[in-house]
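Following the hints, put chains B and C in place on chain A, whose structure we already have.
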Amino acid sequence: MTDHARGGGGGHDSREVILGRIRRALGPSGPGPGGSGAPVAPPIPRDYAVSHLPDTSEGTTDPVELLAENLADYRALVHRVDPAGLPALIARLLAARGARSVVTPPGLPDGWLPEDITRVPDDPAATAAELDAVDAVVTGCALAIAETGTIVLDGSPDQGRRRITLIPDHHLCVVRVPEQVVASVPEAMPRLVPHRPQTWISGPSATSDIELDRVEGVHGPRVLEVLLVGPTGTGAAGY
Amino acid sequence: MAERMRVGLFITCVNDTLYPDTGRAVVTLLERLGVEVDFPEAQSCCGQPQFNTGYRSETEPLVRRYAEVFAGCDHIVTPSGSCAAMVRDHHPGFAVPGAAETARRTLELTEFLVDVLGVTDVGAYYPHTVTYHPTCHGLRALGLGDRPRRLLERVRGLELVELPGAEECCGFGGTFAVKNAAVSTAMGRDKARAVVSTGASAVCTVDNSCLMHIGGVLRRAGSPVRPVHLAEILASTEESPGAAAHGAVTGTGGAKR
Amino acid sequence: MSGTFLGMPGRPGGGSRPTAPRDFPTAAEAAGRDATLRGNLRHATHTIRDKRARAVAELSDWPELRAAGAAIKDDVLLRLDSHLERLEAAVTAAGGTVHWASDAAEANRIVTELVHATGETEVIKVKSMATQEIGLNEALAEAGITAYETDLAELIVQLGDDLPSHILVPAIHRNRSEIRDIFRERMGEWGRAAPEGLTDRPAELAEAARLHLREKFLRARVGISGANFMVAETGTLVVVESEGNGRMCLTLPETLISVVGIEKVVPTWRDLEVFLQLLPRSSTAERMNPYTTMWTGTTDGDGPREFHLVLLDNGRTDVLADTVGRQALRCIRCSACLNVCPVYERAGGHAYGSAYPGPIGAILTPQLRGVGSELDASLPYASSLCGACYEVCPVAIDIPRVLVHLRERVVEGGEVTVRGSRVRLKPARGHAAERAVMRAARWALERPGVVRAGQRVAGRTRRLHPRRLPGPGAAWTASRDLPTVPAESFRQWWHRTRGPGGGSGAGDGDTSRKERS
Numbered sequence: 001m002t003d004h005a006r007g008g009g010g011g012h013d014s015r016e017v018i019l020g021r022i023r024r025a026l027g028p029s030g031p032g033p034g035g036s037g038a039p040v041a042p043p044i045p046r047d048y049a050v051s052h053l054p055d056t057s058e059g060t061t062d063p064v065e066l067l068a069e070n071l072a073d074y075r076a077l078v079h080r081v082d083p084a085g086l087p088a089l090i091a092r093l094l095a096a097r098g099a100r101s102v103v104t105p106p107g108l109p110d111g112w113l114p115e116d117i118t119r120v121p122d123d124p125a126a127t128a129a130e131l132d133a134v135d136a137v138v139t140g141c142a143l144a145i146a147e148t149g150t151i152v153l154d155g156s157p158d159q160g161r162r163r164i165t166l167i168p169d170h171h172l173c174v175v176r177v178p179e180q181v182v183a184s185v186p187e188a189m190p191r192l193v194p195h196r197p198q199t200w201i202s203g204p205s206a207t208s209d210i211e212l213d214r215v216e217g218v219h220g221p222r223v224l225e226v227l228l229v230g231p232t233g234t235g236a237a238g239y
Numbered sequence: 001m002a003e004r005m006r007v008g009l010f011i012t013c014v015n016d017t018l019y020p021d022t023g024r025a026v027v028t029l030l031e032r033l034g035v036e037v038d039f040p041e042a043q044s045c046c047g048q049p050q051f052n053t054g055y056r057s058e059t060e061p062l063v064r065r066y067a068e069v070f071a072g073c074d075h076i077v078t079p080s081g082s083c084a085a086m087v088r089d090h091h092p093g094f095a096v097p098g099a100a101e102t103a104r105r106t107l108e109l110t111e112f113l114v115d116v117l118g119v120t121d122v123g124a125y126y127p128h129t130v131t132y133h134p135t136c137h138g139l140r141a142l143g144l145g146d147r148p149r150r151l152l153e154r155v156r157g158l159e160l161v162e163l164p165g166a167e168e169c170c171g172f173g174g175t176f177a178v179k180n181a182a183v184s185t186a187m188g189r190d191k192a193r194a195v196v197s198t199g200a201s202a203v204c205t206v207d208n209s210c211l212m213h214i215g216g217v218l219r220r221a222g223s224p225v226r227p228v229h230l231a232e233i234l235a236s237t238e239e240s241p242g243a244a245a246h247g248a249v250t251g252t253g254g255a256k257r
Numbered sequence: 001m002s003g004t005f006l007g008m009p010g011r012p013g014g015g016s017r018p019t020a021p022r023d024f025p026t027a028a029e030a031a032g033r034d035a036t037l038r039g040n041l042r043h044a045t046h047t048i049r050d051k052r053a054r055a056v057a058e059l060s061d062w063p064e065l066r067a068a069g070a071a072i073k074d075d076v077l078l079r080l081d082s083h084l085e086r087l088e089a090a091v092t093a094a095g096g097t098v099h100w101a102s103d104a105a106e107a108n109r110i111v112t113e114l115v116h117a118t119g120e121t122e123v124i125k126v127k128s129m130a131t132q133e134i135g136l137n138e139a140l141a142e143a144g145i146t147a148y149e150t151d152l153a154e155l156i157v158q159l160g161d162d163l164p165s166h167i168l169v170p171a172i173h174r175n176r177s178e179i180r181d182i183f184r185e186r187m188g189e190w191g192r193a194a195p196e197g198l199t200d201r202p203a204e205l206a207e208a209a210r211l212h213l214r215e216k217f218l219r220a221r222v223g224i225s226g227a228n229f230m231v232a233e234t235g236t237l238v239v240v241e242s243e244g245n246g247r248m249c250l251t252l253p254e255t256l257i258s259v260v261g262i263e264k265v266v267p268t269w270r271d272l273e274v275f276l277q278l279l280p281r282s283s284t285a286e287r288m289n290p291y292t293t294m295w296t297g298t299t300d301g302d303g304p305r306e307f308h309l310v311l312l313d314n315g316r317t318d319v320l321a322d323t324v325g326r327q328a329l330r331c332i333r334c335s336a337c338l339n340v341c342p343v344y345e346r347a348g349g350h351a352y353g354s355a356y357p358g359p360i361g362a363i364l365t366p367q368l369r370g371v372g373s374e375l376d377a378s379l380p381y382a383s384s385l386c387g388a389c390y391e392v393c394p395v396a397i398d399i400p401r402v403l404v405h406l407r408e409r410v411v412e413g414g415e416v417t418v419r420g421s422r423v424r425l426k427p428a429r430g431h432a433a434e435r436a437v438m439r440a441a442r443w444a445l446e447r448p449g450v451v452r453a454g455q456r457v458a459g460r461t462r463r464l465h466p467r468r469l470p471g472p473g474a475a476w477t478a479s480r481d482l483p484t485v486p487a488e489s490f491r492q493w494w495h496r497t498r499g500p501g502g503g504s505g506a507g508d509g510d511t512s513r514k515e516r517s
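Protein chains in written order, with our numbering: chain A, 1 to 239; chain B, 1 to 257; chain C, 1 to 517.
Bound conformation, chain A alone:
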């Protein structure tokens, strides 16, 4: 009865076996070799919403406000700051947690970090254990999604390799607002480049594995601070 592949590492025989089984399973009317090529799958209905920004009395919700709200809802710490105030805010947040060393992706703007902090470059030769000894990491992001409270990293120069935002326990992520904020997942997809390695982050590491109750802080950074940088209107350096 079984016709699983013989010999070797499974490779070619099983490929043909599986594809053959699929074609037989779909029957002679299905597409593909030997089939009539008749269309079988109806078109995908895509009448779902492009975004769900709630309407308020003053019009549509500001995506930046919603992003801040949803990030905070999942226990990310959110700060708003104007560009001039960014370095001071970063310095204050690092100092507040006693961070002495910071991993820095190659494209991180020079002026963002305080002078007195140890900069650990994002070095492919560094071991995971070496990264584990670093206190914090500061990055930019590819974009942020308001509705879900998500920041997306794609390995661009201001974000670095995936592991640098994973091993240090404190991640500061800078989002340029409003230009890097999209409302929804459907708005995010076309702006992302599929072949870039991506990490979508929605709040700090969490688990629901104990009695299906959410607990924050497992393997990823336990502190996620998101810095929304843009015109704040007040000139205030963060909240």
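These aren't lab readings, by the way, just hints derived from the structure by calculation. Nothing here was measured: the structure is a model prediction, and the numbers come from that model. Certain hints may be false.
[Claimed, not checked] With the C-beta cut set under 10 angstroms, the calculated list includes, among others, these residues of chain B facing chain C:
#1 N15
#2 P20
#3 T22
#4 C45
#5 P49
#6 A141
#7 E168
#8 A186
#9 D190
[As the list claims (entries may be wrong)] Here are the computed lysine to aspartate or glutamate pairs in the EDC-like style, where the Cα-Cα straight-line distance is at most 16 angstroms:
#10 C:K51 <-> A:E130
#11 C:K216 <-> A:E130
#12 C:K216 <-> C:E254
#13 B:K179 <-> C:E374
#14 C:K51 <-> A:E211
#15 C:K426 <-> C:E374
#16 B:K179 <-> C:E254
[Claimed, not checked] Label pairs and their computed distance ranges (CB to CB):
#17 A:P28 <-> C:H43: 44 to 54 angstroms
#18 C:A53 <-> A:R176: 33 to 43 angstroms
#19 B:S197 <-> C:A53: 42 to 52 angstroms
#20 C:G499 <-> B:V161: 32 to 42 angstroms
#21 A:D62 <-> C:A57: 15 to 25 angstroms
#22 A:A95 <-> B:S197: 53 to 63 angstroms
#23 B:A95 <-> C:A53: 31 to 41 angstroms
#24 A:E130 <-> C:E189: 23 to 33 angstroms
#25 C:V457 <-> B:A95: 34 to 44 angstroms
#26 B:P97 <-> A:A41: 26 to 36 angstroms
#27 A:S156 <-> C:E189: 38 to 48 angstroms
#28 A:P190 <-> B:G93: 40 to 50 angstroms
Beta carbons: idealized from backbone N, C-alpha and C, even for Gly.
Just chains B and C now, with coordinates in the frame of chain A:
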């Protein structure tokens, strides 16, 4: 009701054999509303027990009989959510002439009352505290929505109390009740506990098979809460309290007056 | 197939790993007697049930998303061969290597050989249903390779020498104090011991897992994963998770091996916009899960240098051959159907005897493994057909319909596909008595005269009916009273009062009345 309506009553095998009061209540109620009720005596079972247990070939003759017996009816009304769902959802899947048509014309009682007759106040009187369990087939297969509730809310003297966890299955499930008796019983006991917690003197559904289960658990536990089919509540009036009202008074002592 | 659920002996000094149940009703009944288990399951499933409802209610277009999700998956299934070929080409072009495994044994052999080739004897794993299904950990152990589970719940299961009982939360059957005990007693045997004075606070338990696993993450050179989605268009794989253990396994090792069921492919990058909305809200009831990793082949200097994708059939093409049952392959493993299922809540996951518990397991396992065993033949009956699973399914799998379809397969037999070949199944043994009853009932129900005669006899003998029935009827009367048979059936009443020769009374003037149970 200016015009007397003629509908076929599909009583269902469970109601016919075990709960004739429900059938009589439907007749009483519909006639009071000016509907001429026809009961084709050649009718039998919708085939649900066979079908749901996997006996498709044993189901087909029953589907055929249903389609033949009710072929001439404008509306086929049944006091059972699960049988209505069986007919509507599954009869059309059989290669039986006319089955799709009779399926389309089959309505659960509350659908017929609210959608076809356009009534929610049927002139009923039932002076008891009642909790309503929306059965799974009524809720999810037929989508009865708030029809039963709207009818109950307009029954004079009736106090409707909310059933906690109302949308959870009571655990009957046809042959499931004996094939997986332990789980079925555990579900039934949880449902019975919820019913008792409401303080109602009666629990009401649109399906006597679920009531047979819930009622069986309640009675085994010595609970005075009475299972009662919605039709029996709707059929009772001040002048003619009917079997259901009588029973509630004698059975529970929970009557309001 | 999988050794995992077929009575694998526990490790020396191990706990009491559940053995494969004989059949679902027996196992469910035993689970029902365990008050702690029932309490744990009830608490957890009710917690997540309400949260899911709120998360879903936030999206006004949920029905449209659900329809799109189902349609995309149907498109995948109906063109599965070309989607897989496209995926293979894209993964290969991006530096990955694609392997095809027709069954569990072949998949295990491929993975074992790939690990051997690295020279390593330990691997870190991110929770994967596919590797659970094929019993990969056991196969690796036989080859001298230790697989460390890194998902918190999988860790609890592994340390406790237990089996998973839930798709999302494999240790859902354990409460916090049981988890604390397992950590205290067993962590030391596997690596860093639990901290002194560990309490049962979930945050402390999570911290203990963090410390225990950290050393394993930092030294691991081989990672093994599954995937939630594979994009045919781009060759991108997607893993959706919460804790960060997935990111560790997917990015730190030098070699990554992903074992993924062939049905996990989606056609286009854009399709992710549907599933990344449907999955988190259905699964953990979040707007978005904390971490999602997407990778395409290998990337210079970032993540594993070697990436192997093992495409797993193991019965999936047999499911595909069944036009009714194939919708089970739409499943995105969110576990919403488990959380809402009243039967799962009371039976627990182990009663289903496979990696896939709950309603989805009851339709998937008998299709993947067939209905040959008593256990697998009992699974389609592990449901009251209440329909709650269908209602919450984000890809609209009509689970009740497939359950009934599989019940037909059990009792009536018929043509099925087994490992790619068409075979004719005989009706299952063990249903002979039931079949006779069904046949007799149908015979009688076709003859209203017979029914009427039977009702008359039952009515006349009603005072003699026992309260508890013998034989199969005992399954009812052991816990529930029977309704009292009325003196007169509806049919008799109608015939007497309205029928030929009967009266024509329009009201309910008859005073004879049955006692209602």
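Hint check results:
Hint status for B:N15 relative to chain C: holds, with the closest Cβ pair at about 6 angstroms, below 10 angstroms. With a least beta-carbon distance of about 4 angstroms to chain C, the hint placing B:P20 at the interface is held under the 10 angstroms criterion. With a least beta-carbon distance of about 8 angstroms to chain C, the hint placing B:T22 at the interface is held under the 10 angstroms criterion. For B:C45, the interface hint holds, the least distance from its beta-carbon to any beta-carbon of chain C being 5 angstroms, beneath 10 angstroms.
Of the supplied interface hints, the one on B:P49 holds, with its beta-carbon coming within about 7 angstroms of a beta-carbon of chain C, less than 10 angstroms. The beta carbon of B:A141 comes within 6 angstroms of a beta carbon in chain C, closer than 10 angstroms, and the hint placing it at the interface holds. Because the closest C-beta pair between B:E168 and chain C is about 6 angstroms apart, less than 10 angstroms, the hint holds. Annotation: B:A186 was flagged as interfacial toward chain C, and the flag holds, the nearest CB pair being 5 angstroms apart, inside 10 angstroms.
Checking B:D190 against chain C by beta carbon gives a least distance of about 8 angstroms; that is within 10 angstroms, so the hint holds. Between the alpha carbons of C:K51 and A:E130 the distance comes to roughly 40 angstroms, so the proposed pair goes past 16 angstroms and is violated. Taking the CA atoms of C:K216 and A:E130, the gap is near 15 angstroms; set against the 16 angstroms cutoff, the hint holds. Between C:K216 and C:E254 the alpha-carbon distance is near 14 angstroms, which keeps this suggested pair within the 16 angstroms criterion.
Between B:K179 and C:E374, the direct Cα distance comes to roughly 13 angstroms. Compliance with the 16 angstroms bound is thereby established for this hinted pair. Among the hinted pairs, C:K51 with A:E211 is consistent with the structure: their alpha-carbon atoms are about 13 angstroms apart, no more than 16 angstroms. Between C:K426 and C:E374 the CA atoms are separated by roughly 14 angstroms; this keeps the pair inside 16 angstroms, and the hint holds. With a C-alpha separation of about 52 angstroms, the suggested pairing of B:K179 with C:E254 is violated against the 16 angstroms cut-off.
Taking the beta carbon of each, A:P28 and C:H43 are about 52 angstroms apart, inside 44 to 54 angstroms as hinted. C:A53 and A:R176 have their C-beta atoms about 36 angstroms apart, which keeps the hinted 33 to 43 angstroms range intact. Separated by about 22 angstroms at the C-beta atoms, B:S197 and C:A53 break the suggested range of 42 to 52 angstroms. As the Cβ distance of C:G499 to B:V161 is approximately 40 angstroms, the hint placing it in 32 to 42 angstroms holds.
In this structure the hint that A:D62 and C:A57 lie 15 to 25 angstroms apart at CB holds, the actual value being about 23 angstroms. A beta carbon spacing of about 56 angstroms between A:A95 and B:S197 agrees with the range 53 to 63 angstroms that was offered as a hint. The hint said 31 to 41 angstroms for the Cβ distance between B:A95 and C:A53, and at roughly 40 angstroms that hint holds. With their beta carbons about 29 angstroms apart, A:E130 and C:E189 fall inside the hinted range of 23 to 33 angstroms.
At roughly 36 angstroms, the beta carbons of C:V457 and B:A95 sit within the given window of 34 to 44 angstroms. For B:P97 paired with A:A41, a C-beta distance near 32 angstroms keeps the hint of 26 to 36 angstroms intact. Taken as a hint, the range 38 to 48 angstroms holds for the pair A:S156 and C:E189, whose Cβ atoms sit roughly 43 angstroms apart. The given range of 40 to 50 angstroms is respected by A:P190 and B:G93, whose C-beta atoms sit roughly 42 angstroms from each other.
In this structure, the hints that do not hold are numbers 10, 16, 19, in rising order.
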